[in-house]
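Undergrad: These are the residues of each chain, in order.
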Amino acid sequence: MIEQLRVKFARRGQAFGLAPSFILPLKGKILKRALQMGIGPKKNTADILFYGLTALASFTVLMIILGVFFVLLKESALSIREFGVIRFISSTDWNPVTESFGAATNLFGTAVTTLLAMVMAIPVALGIAIFITEVAPSSLKGPVGAAIELLAAIPSIIYGMWGLFTLAPIMAEYIEPALQSTLGRVPLLGILFHGTPMGIDILTASVVLSIMIIPFTASISRDAFNLTPSVVKESAYALGATRWEVVKNVVVPYSKIGIFGGAVLSLGRALGETMAVAFVLGNNHQITSSLFDAAATITVTLANEFTEADTNLYLSSLFYLALLLFVLSFLTLAVAKFFMLRTERRHSR
Amino acid sequence: MKRALALSLILAFTVLFSFGAAAAANTLNGAGATFPYPVYSAWAYDYNKVTGVKLNYQSIGSGGGQRQITERTVDFGASDAPLDPAKLDELKLYQFPAVIGGVVPVVNIPGIKAGQLRLDAATLCKVLLGNIKYWDDGDLKALNRGLKLPHEEITVVHRSDGSGTTAIFTTYLSGAYPEWKDKVGSGKAVKWPTGIGGKGNEGVANYVKRVNNSIGYVEFAYAKQNKLAYVLLKNAAGNFVEPSFDNFKDAAATGDFDPDKNFYLWLTDAPGKNAWPIAGATFILLAREKTEANKRVVKFYDWAFKNGDATAEKLVYVPLPASLKDKIRAYWKDKGI
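Heads up: the protein sequence lines correspond to chains A and B, in order.
For the first sequence, my numbering assigns the number 2 to the initial residue and increments by one for each residue that follows.
For the second sequence, my numbering assigns the number 43 to the initial residue and increments by one for each residue that follows.
Hints are computed from structural coordinates only; laboratory data are not their basis.
Here the structure is a predicted model, which means the values were calculated and not measured.
Don't be surprised by glycine CBs; every beta carbon is placed ideally from N, CA and C.
Careful, some of the hints might be misleading.
Here are the computed distance ranges between Cβ atoms for each label pair [said to hold, decoys possible]:
id, chain 1, residue 1, chain 2, residue 2, range
1, B, D178, A, L141, 57 to 67 Å
2, A, T312, B, D302, 22 to 32 Å
3, A, V62, B, Q100, 27 to 37 Å
4, A, I90, B, T112, 27 to 37 Å
5, B, N281, A, T312, 30 to 40 Å
6, A, V72, B, T333, 32 to 42 Å
7, A, Y175, B, Q267, 24 to 34 Å
Calculated lysine to any residue pairs in the SDA-like style (CA-CA distance at most 20 Å, straight line) [as the list claims (entries may be wrong)]:
id, chain 1, residue 1, chain 2, residue 2
8, B, K251, A, Y175
9, B, K341, B, Y373
10, B, K233, A, F307
11, B, K276, B, R160
12, B, K266, B, Q158
13, A, K234, A, N250
14, B, K168, B, V198
15, B, K233, A, E100
16, B, K129, A, E100
17, B, K233, A, L314
Partner residues aside, some chain B positions facing chain A, computed with beta carbon under 7 Å [to be verified]:
id, residue
18, G204
19, S205
20, G227
21, G229
22, V232
23, K241
All chains, please: the whole structure from these sequences, using the hints.
TA: Rendered as structure tokens:
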């Protein structure tokens, strides 16, 4: 029966202008799945067609990812040949005039802003999620939840402009001087806060970024918290646990994976975020110990320099940066997913 | 059912493509520099009312404009930076200037108003290189006798993004001061020795306004519209001049735009008595073999040269001087457009 179906499939594929060689490798899994679902040749042909089309639609995502990867690889070939991998990653030089390019400053900026943003965002997001699911009276749950989701819908350029015109002056005049005169005095920690506070720096960018990713983490954690069976929670309450104890010992352990998932999604978002930080990071290619210094992330460099990159090597190096970001995001998400699956499996056991 | 669907699809495509074909004859496609975008679209609006021809201009940046015309996907490209004659021969392009813009250093020093601070190229370079750190430095004092300069640290604000404005500005600095050329050089993005970066003219203007004792550089239009405190610069003739329409025009009129070099010129340090030293034309690039499309593009710019000066000035662009327009018309004729 599989053979029959396979031939049929190939024919249908041809009707859509697809070569059999394109369709046939797909065959095995799709067909098996189709049979599992009870879609046999005796069933309605529309069902099979429907299955094939939706499978094809999902398949395009893979094709697009591969396509993006190959385009990035092809466009950055010139720069890869010129600088190699190790030298490009480790070089801190970024000089369009002498055409000497290195990614170290960009990787540094990306890592530091993302890390700081996560550190600031996750506790707040968890607080929001706990408040909405466990603490707030039900009359408040709706409005607060909706507000969080609205925050996620604001385009990132708005965050960028707000950061530049509103947040940066506040940071420069109040927050950063205050930090400097308190934490800046602490030995060792002080190096994080030296220099003249301008408001256009790693700290401001991280704050903007953290505000951007809070809604994601919060709403995914909220959904995860909601999945805790109320029977378990009620049992804990019946045993005399306080609200805090229920959250700490029942809800959070129960939804660890969900929280982790939310954090990973926001990590992905923070790694790739462009416009929100492009305005407030300054695009200075340097590695610095102070949070009050300007820096550059991969995305900020791309946004700032792509349109006016006029030599081939310059443009190719920008593509190379994009390729690095692609690989970086992919690896981060893959590693996170791997851990998530492992915890999930252990849990289900 | 299926046949009906297929038929309607075919019909839809036919209609779409025929519209596309009809539109092509009546549309000019251009792409490139963002700087002249407002004036090109204002001209195009008026031109459309007179002739019915539409201009579709994508302001994707000068680099993109050069790429698009090199690949012949547009009727004309626009670039803030001129291409040198060798490059034009290699890519088989024509080039002519369309409108003049300029760069103005602006400062924010409490107590000092627009047009009070005087600078020359060497001093400006020393400030931007970080060699002069305080406003009451000896070099600055020598240029500004009678002006009370504070003992405050100078903050340099530059562009964080690649830009034609930076290209013109750094070309001026490189030409005027050898140390700048050796240490930094010129280009749309350079490695700044000191200072903070703002994105776009608005970013730089915002920081200069906010940070006391700062100096930055913005496009002429931006300085004028935001009433920033511009400086007086010493030009090639040795006079301290202010950035004004007349002084830009003097620069454009005395600059050596040579049709034989396809008008390749960085309009810095023009010799005119009142010429503002940091100016630059923005250029149009044409594909040499596309005579038909070139004729339509040139017709538009010829019309704009005749009727568009007032519009340009209203948008704070400096129109080309009449002598240069004549040279360009002769260039078109010479190239058989």
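Undergrad: Taking the beta carbons of I90(A) and T112(B), is their distance inside 27 to 37 Å?
TA: About 31 Å separates the Cβ atoms of I90(A) and T112(B), which means 27 to 37 Å holds.
Undergrad: Are the Cα atoms of K168(B) and V198(B) separated by 20 Å or less?
TA: Within the cut-off at roughly 11 Å; holds.
Undergrad: Does the hinted range 32 to 42 Å hold for V72(A) and T333(B) at CB?
TA: Check passed, 34 Å falls within 32 to 42 Å.
Undergrad: Check the following: the C-beta atoms of V62(A) and Q100(B) are separated by a distance inside 27 to 37 Å.
TA: The hinted range 27 to 37 Å holds for V62(A) and Q100(B), with Cβ atoms some 29 Å apart.
Undergrad: Are the Cα atoms of K251(B) and Y175(A) separated by 20 Å or less?
TA: holds (18 Å)
Undergrad: Are K129(B) and E100(A) close enough, with their CA atoms no more than 20 Å apart?
TA: holds (18 Å)
Undergrad: For the restraint on G227(B), tell me whether the closest CB of chain A is nearer than 7 Å.
TA: holds (4 Å)
Undergrad: Holds or violated: K233(B) with F307(A), Cα cutoff 20 Å?
TA: Given that 20 Å is the threshold and the Cα spacing comes to 16 Å, the pair holds.
Undergrad: Starting from the hint 22 to 32 Å, judge whether the C-beta atoms of T312(A) and D302(B) obey it.
TA: Hint holds: Cβ distance 26 Å, inside 22 to 32 Å.
Undergrad: With 30 to 40 Å as the target window, see if N281(B) and T312(A) comply at their CB atoms.
TA: holds (37 Å)
Undergrad: Using 7 Å as the Cβ threshold, decide whether G204(B) counts as touching chain A.
TA: holds (3 Å)
Undergrad: Regarding Y175(A) and Q267(B), is the given constraint of 24 to 34 Å on their beta-carbon distance met?
TA: Roughly 30 Å apart at Cβ, these two residues keep to the hinted range, so it holds.
Of the numbered hints listed earlier, not one is contradicted by the structure.
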